[in-house]
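Quick mapping for you: the protein sequence lines, in order, are chains L and W.
Residue numbers 533 to 1244, in my numbering, belong to the letters of the first sequence in order.
Residue numbers 5 to 244, in my numbering, belong to the letters of the second sequence in order.
If you are wondering where the hints come from, they were derived from the structure by calculation, not from laboratory data.
One thing to keep in mind: the hints can contain errors.
Unchecked claim - Chain W is faced by these chain L residues, among others (derived, beta-carbon under 7 Å):
1. Arg589
2. Gln611
3. Ala612
4. Arg749
5. Ala1117
6. Pro1165
7. Ala1166
Yeah, the Cβ is synthetic: ideal placement off N, Cα and C, and Gly gets one too.
In case you want the letters, here they are:
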Amino acid sequence: MAAGGVLSSCTRDAGQLIPLLIPPDDGSVPGLAQFYASTCLQCPAGCGIHVRVFEGRAKKIEGNPDHPVNRGRLCARGQAALQELYHPDRIQQPFGRREREGPAEPETWASATDRIASRFRELSTRAAGNVLLYTPPLQGIRLELFNKLAVAVRAEHIQDDALNTLVHLTAAREVVGTSASTDYGLAEAQFVLSLGADILETFQSPVRFAEAYGRMRRDRPTVRGLFIYAGPRMSQTAACADEWLPLKPGTEGVLAAGIARYLIENRLYDPASVVAWGLDLESQFKVLNRFDVARVAEMTDLPETRVLRVSRDFGRFRPAVAMAGDGPAAHTNGLDTVQLSHLLNILSGAMGQEARVDRRVHPGSPVPSSVTEMQTAIRRMEQGEILAALFMDVNPLLTLPASLGFRKALAEVPFIISLNTLPNEMTERADIVLPSPSTLERFQDVYPVVRPTGFQLGLAQPVVSPLYEMPSPEDVLIEIVRKVTGNPRESSHLSRLKDRVAATVTDPRTGLENEKWFRALQQGGLWEEQDEGTLASPIMKSPVPAPRLPRFSGTEQQFPFILHLYVSPMLLDGRSAALPWLQEAPDPMTTVQWNSWVEVNPGTAAQLGLVHGDWVEVESPVASIALPVVVFPAIRPDVVAIPKGQGGERGDRYSRGRGANPMVLVSTETDPENDLPAWGATRVRLQKVPSRGSLITSGDPSGSYRGELIGL
Amino acid sequence: MNQAESDNAAYHWGMVIDLDRCTGCGACVVACQAENNVPTVGETLCSQGREMQWIRIERYWEGQYPEVRARFIPLLCQHCDNAPCEPVCPVYASYHTSEGLNGQVYNRCVGTRYCANNCPFSARVFNFFEPEWPEPLNNQLSPDLTVRSKGVMEKCTFCIQRIRRGKEDAKLEGRPVRDEDIVPACAQTCAPGAIVFGNMADPESRAFRLARSKRRFRLLEDLGTEPSVIYLKGGGREDD
Ligand code: SF4
Ligand code: SF4
Chain L
533 MAAGGVLSSC TRDAGQLIPL LIPPDDGSVP GLAQFYASTC LQCPAGCGIH VRVFEGRAKK
593 IEGNPDHPVN RGRLCARGQA ALQELYHPDR IQQPFGRRER EGPAEPETWA SATDRIASRF
653 RELSTRAAGN VLLYTPPLQG IRLELFNKLA VAVRAEHIQD DALNTLVHLT AAREVVGTSA
713 STDYGLAEAQ FVLSLGADIL ETFQSPVRFA EAYGRMRRDR PTVRGLFIYA GPRMSQTAAC
773 ADEWLPLKPG TEGVLAAGIA RYLIENRLYD PASVVAWGLD LESQFKVLNR FDVARVAEMT
833 DLPETRVLRV SRDFGRFRPA VAMAGDGPAA HTNGLDTVQL SHLLNILSGA MGQEARVDRR
893 VHPGSPVPSS VTEMQTAIRR MEQGEILAAL FMDVNPLLTL PASLGFRKAL AEVPFIISLN
953 TLPNEMTERA DIVLPSPSTL ERFQDVYPVV RPTGFQLGLA QPVVSPLYEM PSPEDVLIEI
1013 VRKVTGNPRE SSHLSRLKDR VAATVTDPRT GLENEKWFRA LQQGGLWEEQ DEGTLASPIM
1073 KSPVPAPRLP RFSGTEQQFP FILHLYVSPM LLDGRSAALP WLQEAPDPMT TVQWNSWVEV
1133 NPGTAAQLGL VHGDWVEVES PVASIALPVV VFPAIRPDVV AIPKGQGGER GDRYSRGRGA
1193 NPMVLVSTET DPENDLPAWG ATRVRLQKVP SRGSLITSGD PSGSYRGELI GL
Chain W
5 MNQAESDNAA YHWGMVIDLD RCTGCGACVV ACQAENNVPT VGETLCSQGR EMQWIRIERY
65 WEGQYPEVRA RFIPLLCQHC DNAPCEPVCP VYASYHTSEG LNGQVYNRCV GTRYCANNCP
125 FSARVFNFFE PEWPEPLNNQ LSPDLTVRSK GVMEKCTFCI QRIRRGKEDA KLEGRPVRDE
185 DIVPACAQTC APGAIVFGNM ADPESRAFRL ARSKRRFRLL EDLGTEPSVI YLKGGGREDD
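Full structure from sequences and hints, please.
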């Protein structure tokens, strides 16, 4: 009371002064920084973090040096997660809308979950499949709870594969018999071939890969690992390569087939690995026989000398590792390319360390929905068969190809619930908006997409007292399940989490079961470095099929350019677009800030009379968008590239109305045999249009200024 | 000799940036903004070249398609021993510390911008306007250093607050600062480990040893500013 009396005159500062007099109950010590271990949730990599907290406020995120995924390092997006926590546009409480797109009115948690539960119950008693649950690919407790809810309300659950992991899981299952989480021994490699895998920016576990890349290059006194990148556009990753092979889009698999054939023909494979995996060389050679160097050169549009050299080097250096990434995976033959990359690793002997099955408490890998499942769900929405839909942490209006018809279908769903931390296109349309705590304010069990040996689970935990009082999404789901089933005994999120931690394998060296929870909190997860895990049983389905030719939507005459879409290094597929540090951080290759653009080869630009900053209409067989041009020296003349991530219309103040969303251009090509999406298989044409604004780059567009001067 | 002077003799801070490791990812840029209360300025001011980042990644193109290369180079204040920004400041806001740092006294700065004009690396940034952190974004601001106001010049300090903390910790424990105890925010986050910071007065330090590499060079060496940042040349196939 006395303190209150003394301070009452300086009202504005009281909030900061009181904690110095009355010890705060959140364990913080005035004037002293504390570090809390947690897990980054900005992408599926699941890097370990230490958050520096000062008087109850999070100040800085560092990599956790003891975490086996990222070994103390972080990417720009991980650094920027603070701005999600303190974002000025965060949703602070539940909202309801009486009419679609009408004003949002505050609602209590009790009434919102009541309304959801009673609607779900009513719909599910009428028929199965009236309710749709729509999330990213889930694992752990989240998956368990969504499964529970799906059973309780007889719902369909779509796990939207916005980052295109299904093709990698399918390829691993097809070739090595398990969709295990795969790691690559990059740091020890002498030769790394990336088939469009942007390992240093966005692919799977970029911090882990980049850390290993640094060691591959310069940690060994006598060996500098070589890095070759094949793909139609020079990405930031490709820019780091010793050699960039600008092949035709969709022919990455052809190159891999050619290398495999060369290795077999010249006996440059690792015999032990071939035997261990049960690879039948003769039949494999037969399958790939037509991919000789000359043919591969012609199909990929690369010089024969280059094809020969990369083939020879892949056979000459040990260990040699091949990785196939998102670019090739998005073609109609994407599966072939990824499968052939595994074949290369089996031939080079790198596969031994690569495939590891994780048979632990968590399900081994996520199971994203197939194209057919997506298309069916959208069709059912459109036909009015989905009467309620719950969306969590997704923005399909931005990330799905518009041609799938999601926007139109959504309008037919009478009851939409959206759960998110920040506003986006979905929360702006939802009938009930539920906020979710930011990633630094909640618990979550995390299963990194690339899991190091012995890794059991990552733990995200609240590092500050919540800015706004709200339950975790898990507890919201539990509440809905409780209300739907009338069973009050569903255990809480926290007790489920403790159970999961308790169920992990105990390391005999470190001990006691009941210490596990505290250890998990202290470390931000559980892992045992000595544990060898279980290796995949070395059985492969051989032979690996020859690559099919890619198909494209649109004819070459009408649409002369292949559209190459890529995940933005800063904004990903748009999930980081709300963070101003990342909007202002220049794109590594173009140095563009706060915008999106289309990249055009200089020769092509000259032919079309385009210069840097001109505007063009990019037209595909399904739609068109206008964008400013970046004349990009390192892209094939027959390809144009656009980053994903911008083009949100309805979100927060920093991302709203910026750039254009290239997903509207995409035709929904697929790989029908394997039920996989092929959202990189669209052709486009360009038409110059009057300027609609300026394009801001932090560097000189030509990039060569003073380059010689500084002695590069 | 007082404590301060004996400290001074012992340290000369410097940095080595290995361009063969740097991937141009920009994590260091964001880490620096978080660490040092560096504001974002928005699209319009960016278009006028008024972004505030203390470290930036320059990208250079070489050659023409298909024989084209891109190179990245992280660029920050070079903490020149012979710093051209220092003598031009009429109020001695830009000065040299005895530990080799190029310091900036914010509350002395009167905003003439002579220093920025004289910096050949464009390492200095100026607060043309009052920086903005819409609430509650301001909660992130670090209490370890000031928020600079309109009219003040700022730039990379080699994370002076971390240097101080490192020295204080060492002093409390009654030992000298150990090599790599002090890690600036950029170096700490850099995934491939491209940035190494250390005491160039200590021949045993990792930074000192790396700085003797055959691949070493400094930016605009011929200007004679004697930068404390040493770059190691990036690769290219060695069998080429
Ligand atoms: S790679 Fe993903 S998980 Fe790791 S720091 Fe970056 S955003 Fe976070
Ligand atoms: S964080 Fe490291 S790799 Fe990334 S741009 Fe900075 S120096 Fe280069």
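Cut-off 7 Å, beta-carbon criterion: hint that Ala1166 of chain L touches chain W: Because about 5 Å separates Ala1166 of chain L from the closest Cβ in chain W, which is inside the 7 Å limit, the hint holds.
Answer holds if the nearest beta-carbon of chain W is closer than 7 Å to that of Ala612 of chain L; otherwise answer violated. Result: holds, 6 Å to nearest chain W Cβ.
Should the hint that Gln611 of chain L touches chain W count as held when the rule is a Cβ pair under 7 Å? 4 Å, holds
Holds or violated: is the Cβ of Pro1165 of chain L closer than 7 Å to a Cβ in chain W? Hint holds; Pro1165 of chain L Cβ to chain W Cβ min 5 Å, cut 7 Å.
Interface hint compliance - Ala1117 of chain L to chain W, C-beta minimum distance less than 7 Å: 5 Å, holds
Just to be careful: measuring from the Cβ of Arg749 of chain L to every Cβ in chain W, is the smallest value less than 7 Å? 5 Å, holds
Hinted contact Arg589 of chain L with chain W - closest CB pair below 7 Å: Nearest chain W Cβ about 5 Å off; hint holds.
Violation of the numbered hints given earlier is absent; every hint is satisfied by the structure.
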